[in-house]
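Chains as they are written, first to last, in my numbering: chain A, 42 to 548; chain B, 42 to 548.
Read the hints as simulated data drawn from the structure, not as lab findings.
Check each hint, because a few of them may be wrong.
[Unchecked claim] Subject to a maximum C-alpha distance of 20 Å in a straight line, what follows is the list of computed DMTMM-like cross-link-like pairs (lysine to aspartate or glutamate):
#1 A:Lys61 - B:Glu90
#2 B:Lys83 - A:Glu270
#3 A:Lys83 - B:Asp268
#4 B:Lys539 - B:Asp397
#5 A:Lys255 - B:Glu252
[What the hints assert, rightly or not] What follows is a list of derived Cβ distance ranges for each label pair:
#6 B:Tyr58 - A:Ala57: 19 to 25 Å
#7 B:Asn417 - A:Gly86: 32 to 38 Å
#8 A:Gly93 - B:Ala431: 56 to 62 Å
#9 B:Lys60 - A:Pro144: 25 to 31 Å
#10 A:Ala109 - B:Glu110: 50 to 56 Å
Cβ coordinates follow ideal geometry from the N, Cα and C atoms, glycine included.
2 protein chains.
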Amino acid sequence: MMGTESIEKLEQDFLAYVKKIKAYEEALALIYWDLRTGAPKKGVGQRAEVIGILSGEVFDMQTSKEMAEFLEKLLPHKQQLPERTAGTLEECRKTYERSKKIPPDEYQAYTVLVSKAENVWEEAKEKADFSLFKPYLEQIVAFKKKFVRYWGYEGHPYNPLLDLYEPGMTVDVLDRVFKQVKDAIVPLVQKISMSEEKPDTAFLFHPFPKEKQKAFTLEILKQMGFDFEAGRLDETVHPFATGINQGDVRITTRYNENDWRVDVFGVMHEGGHALYEQHISKDLSGTPLAEGASMGIHESQSLFFENIIGRSFPFWKKNYPLLKQFASGQFDDVPLEAFYRAVNEAKPSLIRIEADMLTYPLHIMVRYEIEKALLNDEIEIGDLPEIWNAKYEDYLGIRPAHDGEGVLQDVHWAGGDFGYFPSYALGLMYAAQFKHAMLKSLPDFDKLVESGNLEPVREWLTAHVHRFGKLKKPADILRDATGEALNPKYLIDYLTEKYTDVYRIKD
Amino acid sequence: MMGTESIEKLEQDFLAYVKKIKAYEEALALIYWDLRTGAPKKGVGQRAEVIGILSGEVFDMQTSKEMAEFLEKLLPHKQQLPERTAGTLEECRKTYERSKKIPPDEYQAYTVLVSKAENVWEEAKEKADFSLFKPYLEQIVAFKKKFVRYWGYEGHPYNPLLDLYEPGMTVDVLDRVFKQVKDAIVPLVQKISMSEEKPDTAFLFHPFPKEKQKAFTLEILKQMGFDFEAGRLDETVHPFATGINQGDVRITTRYNENDWRVDVFGVMHEGGHALYEQHISKDLSGTPLAEGASMGIHESQSLFFENIIGRSFPFWKKNYPLLKQFASGQFDDVPLEAFYRAVNEAKPSLIRIEADMLTYPLHIMVRYEIEKALLNDEIEIGDLPEIWNAKYEDYLGIRPAHDGEGVLQDVHWAGGDFGYFPSYALGLMYAAQFKHAMLKSLPDFDKLVESGNLEPVREWLTAHVHRFGKLKKPADILRDATGEALNPKYLIDYLTEKYTDVYRIKD
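Construct the entire structure; sequences and hints are all you get.
If you want it as structure tokens, here you go:
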């Protein structure tokens with residue numbers, strides 16, 4: 042029987058050990074940020090070795106005998122430990138088991154495979170030739186099936202993959218909510234496609250100088266409450282947000298002078314991620330809990346700012362005059378109403394990353410259904426292109442002309458990221474549900490947005506979402522914040538109302 | 042007796058271990074660069090913890106039992122090992138012994154002391170009150186004396202401190218060369234002070250917009266052969282160069298719109314450091330040899346470009362027209378000759394970091410003589426202000442009005458950096474000696490500079506200095522490159538010729 046004192050000592054040692062792991066991860070986060078924002082290319086090879094060494098150390102610490110001992114000795118006392126320690130233990134246990142249950146040689150073979158697969162995928166996509174990529178995808182799926190067996194699971198074999206990105210999420214839940222969303226959206230998409238009152242968008246694509254875009258974007262970031270003393274904005278080809286620590290959250294953007302939306306909505310998106318990271322409780326620093334609760338919850342924060350706020354009428358009522366100040370006259374003859382409709386254009390399209398908020402969930406469902414079926418041996422890899430195309434035709438009414446704009450468009454499968462896609466759609470559902478709940482405390486939400494005072498909105502999100510970091514499971518965050526479990530009704534209502542209005546759908 | 046095979050295995054293990062240390066140091070170098078170039082300030086506290094953890098790991102690895110075993114088992118076989126391994130062993134041995142010979146509690150007390158001392162020094166400097174700093178300086182000097190005894194030394198007790206920055210350098214050598222330099226420079230400084238043909242410099246201080254300075258500077262960096270695919274230029278308050286790896290060497294600059302020289306000569310200086318780091322042999326990557334040979338050799342490379350090239354007539358014959366293109370007309374009526382004289386202005390001044398190339402060595406000698414005497418108990422700390430002022434009067438003919446512009450001006454002593462100052466003056470001597478030797482292979486040096494073709498110059502420096510990294514000792518680099526030991530005659534000749542010309546000194 043272990044005395045209280047020795048548990049305390051063990052807890053301190055454990056937390057110090059975990060803090061060290063976190064320090065390595067912070068160094069790695071900075072290295073990755075640097076590689077993407079301007080590291081000189083001739084240094085990249087050597088830098089890769091540094092990444093290899095530091096990542097290897099992280100893996101070794103996460104799976105060491107020392108860690109095993111901490112887990113063995115402390116887990117039985119989880120109930121008596123502070124929740125910060127208990128949550129950290131739980132995260133470390135998960136990581137430990139996920140790594141330890143896979144035989145090292147198999148994991149090694151898998152990592153070699155995916156690094157090759159990404160190159161092959163790139164070529165296959167360019168040549169629109171699925172047959173090149175097929176043997177790699179077959180092996181990756183085979184590995185995923187094996188991993189899932191090693192880990193063990195309840196219910197569907199896809200569940201443990203979902204759990205990697207969305208802890209606690211299951212096929213049962215997704216099947217139910219996705220069906221509801223699909224049943225509502227598919228007809229809505231058909232209606233807007235047939236609408237004769239489509240918004241005019243030509244004025245969106247007039248040249249808008251980069252520096253002017255940047256100046257406007259900085260104003261919006263300030264309005265959002267992005268703390269520039271705890272973050273920065275840089276430029277990259279592929280925008281992202283990274284929380285190096287809560288006082289150092291960096292976002293990036295891309296400027297397209299012929300489409301300012303890429304920058305403005307992109308920054309609102311990454312800015313939403315950043316507000317999350319900036320407001321995770323400082324108490325969680327130095328632990329694996331100082332991160333977003335899940336991919337889906339993270340995405341809910343970015344989509345909240347990009348869409349719920351950034352594509353709302355009150356937001357542009359406030360900011361359209363400001364945008365005009367930075368623009369070169371292209372909006373001078375465009376009324377607010379027409380502008381609002383333009384930035385809410387929606388239409389069926391083939392490429393997920395270019396899709397609008399309305400059709401986006403359908404792109405996700407195609408992938409979700411395929412991943413699920415692959416894990417359950419319900420479909421053959423060879424049939425994927427045809428299955429993909431049929432689903433696009435079914436859900437979106439359009440069909441890829443070739444696999445480059447079809448089944449080969451995303452890098453995720455080449456990288457082994459099965460289970461990731463649903464997070465994007467979950468983010469939308471969470472965001473709409475948060476908005477609905479928020480209205481109870483902030484009934485004047487629209488007025489706040491219209492006045493540019495987003496602070497109460499950010500405070501609500503911090504109080505109900507941000508501060509907990511990974512201490513609470515996604516489902517708990519959602520239930521505690523909104524009073525109910527995941528309910529796709531709020532997204533459906535939101536989308537129906539918005540697009541019925543924008544496309545002036547009658548019935 | 043150890044078999045060949047097992048030595049080979051041991052060597053591989055040793056090199057892998059060393060590579061790991063180097064990887065941590067690379068991560069730390071990037072972290073420091075980031076902190077100085079734009080890390081958000083609210084993240085700095087947490088970042089300091091990351092630095093603490095990674096630096097601690099480096100120290101632990103450098104002084105571990107594992108390292109001790111490598112040294113014990115491999116050092117006896119040094120002669121048979123490849124020079125890369127032998128040199129690495131030697132560096133590791135030095136680091137190991139330096140750390141291990143000091144009792145950990147004393148070293149701990151010392152690090153606490155210097156971190157406090159830097160704050161106190163800042164206050165003392167601001168208040169020009171030496172008495173505040175005196176008790177700290179006394180303790181720091183006491184520690185230095187103890188460390189020197191722990192380490193052991195031959196000759197003067199200042200020698201091991203010199204060795205930290207300039208391996209192999211001794212008081213005997215410095216006394217000799219500094220005396221020669223002083224005997225030549227002091228009268229020269231007097232002559233220029235009395236010269237009635239001082240250059241006009243007023244036109245140097247007309248406003249020069251930052252962006253224009255930057256554009257000109259980038260042209261000069263290109264001319265120098267700075268590889269922008271293996272480096273970058275950023276902006277900081279205190280400019281520096283850092284070699285993260287040979288393919289990633291970063292420099293920074295500061296723009297003063299009322300004095301473009303800060304940027305241009307600063308960038309040539311840091312660019313000289315960068316060329317060194319970019320051209321260290323790739324074979325040395327992953328070892329402690331992938332660094333400059335010493336502070337002095339490093340400084341010789343920066344000063345070569347800043348002064349030997351950057352303040353030469355041929356350089357400005359080529360680049361003055363270019364400068365005029367970027368400037369705002371202030372040089373339009375200034376002939377090249379007058380401009381050349383202006384950028385070579387020299388005069389006695391009180392502040393080292395603002396001193397010109399001619400008087401700079403005198404600033405260093407004051408410090409050198411004081412440090413040496415402190416280590417040898419020849420002077421009392423309490424007498425320092427008076428000693429300092431007397432030496433300034435003696436060597437430079439001017440006397441500080443208060444200690445803030447006198448003995449308190451440099452941070453080095455507060456940081457415990459005794460033995461560092463001589464490197465600056467050595468750099469000048471090395472640079473002049475390299476230039477003299479280079480003329481034998483490149484007799485048309487001036488024409489090359491005048492044509493903007495600096496590649497042969499860079500190649501000579503790479504062949505004789507850069508590529509060896511820390512594999513060769515400074516004295517060996519100098520002798521192999523120039524055919525003789527350190528000879529201050531070349532600096533004296535260079536300075537005499539230049540300033541006799543610039544100040545039109547007759548006799």
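List of violated hint numbers, smallest to largest: Violated hints: 7, 10; rest satisfied.
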